[in-house]
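2 protein chains.
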Amino acid sequence: MLITKFAIPEVIFGNGSIKYLAPCARRLGAKRVLLVSDPGVERAGWVEVVMDLLRKDSIECVYFNEVSSNPRDVQVHKGAELYVENGADVIVGIGGGSPIDAAKGISTIVGNGGRIRDYEGANKIMRPLPPMIFIPSTAGSGSDVSQFCIITDVERQVKMSIISRSLVPNLSIIDPMILMTKSRELIAASAVDALAHAVESYVSRMASPFTEPQSMQAIQLFMENVREAVDSKSPEALKNLSIASTAAGMAFSNAGLGIAHSLAHSIGGRFDVLHGMVHPVLLPSVMRFNLMSRPKKLARVGFQITGVQCRSEEKQAMKGIEYLEQLFLDLGATCRLNDILPDDSELELLCHKALPDACTLTNPREATCKDLMSICEAAW
Amino acid sequence: MLITKFAIPEVIFGNGSIKYLAPCARRLGAKRVLLVSDPGVERAGWVEVVMDLLRKDSIECVYFNEVSSNPRDVQVHKGAELYVENGADVIVGIGGGSPIDAAKGISTIVGNGGRIRDYEGANKIMRPLPPMIFIPSTAGSGSDVSQFCIITDVERQVKMSIISRSLVPNLSIIDPMILMTKSRELIAASAVDALAHAVESYVSRMASPFTEPQSMQAIQLFMENVREAVDSKSPEALKNLSIASTAAGMAFSNAGLGIAHSLAHSIGGRFDVLHGMVHPVLLPSVMRFNLMSRPKKLARVGFQITGVQCRSEEKQAMKGIEYLEQLFLDLGATCRLNDILPDDSELELLCHKALPDACTLTNPREATCKDLMSICEAAW
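Residue numbers (UniProt numbering), protein chains in the order written: chain A, 1 to 380; chain B, 1 to 380.
Think of the hints as simulated: they come from the structure by calculation, not from any bench.
Possibly wrong hints are sitting among the right ones.
Stated by the list, open to error - With a straight-line Cα cutoff of 30 Å, these simulated DSS-like cross-link-like pairs (lysine-lysine) come out:
| id | chain 1 | residue 1 | chain 2 | residue 2 |
| --- | --- | --- | --- | --- |
| 1 | B | Lys319 | B | Lys233 |
| 2 | B | Lys19 | A | Lys5 |
| 3 | B | Lys5 | A | Lys31 |
Owing to the predicted nature of the structure, the values given are computational and were not obtained by experimental measurement.
Given these sequences and hints, build the entire structure.
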């Protein structure tokens, strides 16, 4: 670590914290907010809750819900038009990673103009964005605290990683009660995404003493709570998964990720697979690939996962990886790549597209296209 | 924990990170900054470094150095006048806790008017402050990342605790190289202040899963590095103490402190004692007093300090407290209250003044004036 940066939004966390939305929005100057969400969150009733809270405080609300899972450039541009046409002044996003990433994309265009693909990569956003408040409805993406925004370029069929300090919102309001209305499958897939953030950020080239404790806390809370959260939706376990997701978000936002995410973006851009579905497939193979570059750290991860201490670092790390594979099966996740992709005819193209993703740069072990192919074949 | 808030500034950390000052100030709109420091930092050459960096980037610089250890209300008001007279637009503070707290006080008056005593207590600052960038020159106060500001009310001879989200600066630039120019005594006193922040925030009533890992990391890094940092000023050990101080600052800023700090403020307000000198005297007695309210947590602190596991939580906690007492002696600290105060004639008055301090509210065990007296007598 030479020089490291650490930036996170202000966080309000806890059951019922959603009630702080309106005063917080007013503090940021809100008179008319653009509210971004999606039909799923709408059906669960949370969009109405948010609208009521805002209106009771005399804040007008323009609503945009044309956001798909793996949000698209065209949706971002449409939302930005709506913001400008209506003279909105603050953006509020409620939902999983998709509506929040869409809201970030909209904010980027509103503040900087152009098309969203102009900002692909790291540090391309030069002008300030309108104030943003996010309310996550899943415990996984970490987008509500991170400087990452993932948008699908429909024409090129790629998920673009857009990374900028400016994408950290002003405020994240994390109310674990919202998770209660989610399906078991979505809770599991989101939690595994948070775990992947924690593991990849912990071994990342940019990991620092500011991010490492957050990664480790996230792994610990995931291990202690994921089964109970998925089995019984216990409020305590869901709250702890929310903390895990937030901690992992703070970590990866500042430390970056690795090739499990590069590949997940590439696959998600082409086949529109739910992001959290890809990690049970890829993460173990990627951890095996990275083991020679970060034996000590992956051994520590292994210990955090299993509680078992071995004489060799390699063995301890491997025990953790194997434990995870079993856990993913127990959670009902799809664990082989051939269950996600229609066939293996595009594997090489997918790896080729994953290579230039910004997440590849921070992977602890340098990876070629051939390496990515081997990882995919091991996970096939 | 019902609902918890967590807010920290953006942090740039590392040897040489001071070079980012000018571009960061410009990003905040700086054309003419008010630079706040003190004669000690000036003598070490850092004020000149900062002025050069700003001027090379065409940012004008108005300089204010009338800041004493335990900064005073009159100094704050004078600095605020200078800011307004010169039409400054950003405040930069470089130094230990004193210049940074003075800069926060100045910022408060510039943004809100009135006198600094109007803002004593929690959440009294209503209007926005000018942008602030802080560069800490000691590893201890944590003021560069915290929402706390401690100013002495000269008339009443009290150190006022002013606590507000608005006092979190925009940016903290932490360059551990600056610590190299500090004396061994100051390094030790500052490090013990950081430790006191870590311990008091860990057992605070407002501690949360967002602050607890930071407190524990700070205790661990303090224990691993303080002797080497004080003995040899090793750059690696100083860097690690900087990380400890920053982590402890993030923790106490959001979790609050306890009665060791209430008493330290009361004593410092009356006798102008260096803040870091008071903790070796008071912290062990306060930890003993709090033991019955937080046995599990103080046992964990004990384990982090000594590495020794005992069957009883109380014993494990006590071992940690005793270890600390020996460590403070080894570091050359004054460890009895009668070495700091001229006599015991004002003890009751000091305890009486400590009671309404904002830090008393978050102490894990409720304390009466009589309790504070007992703590002082135990430390006499």
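A quick look at each hint next to the structure:
no. : hint                 : in the structure
1   : B:Lys319 to B:Lys233 : holds (28 Å)
2   : B:Lys19 to A:Lys5    : holds (13 Å)
3   : B:Lys5 to A:Lys31    : holds (24 Å)
Of the numbered hints listed earlier, not one is contradicted by the structure.
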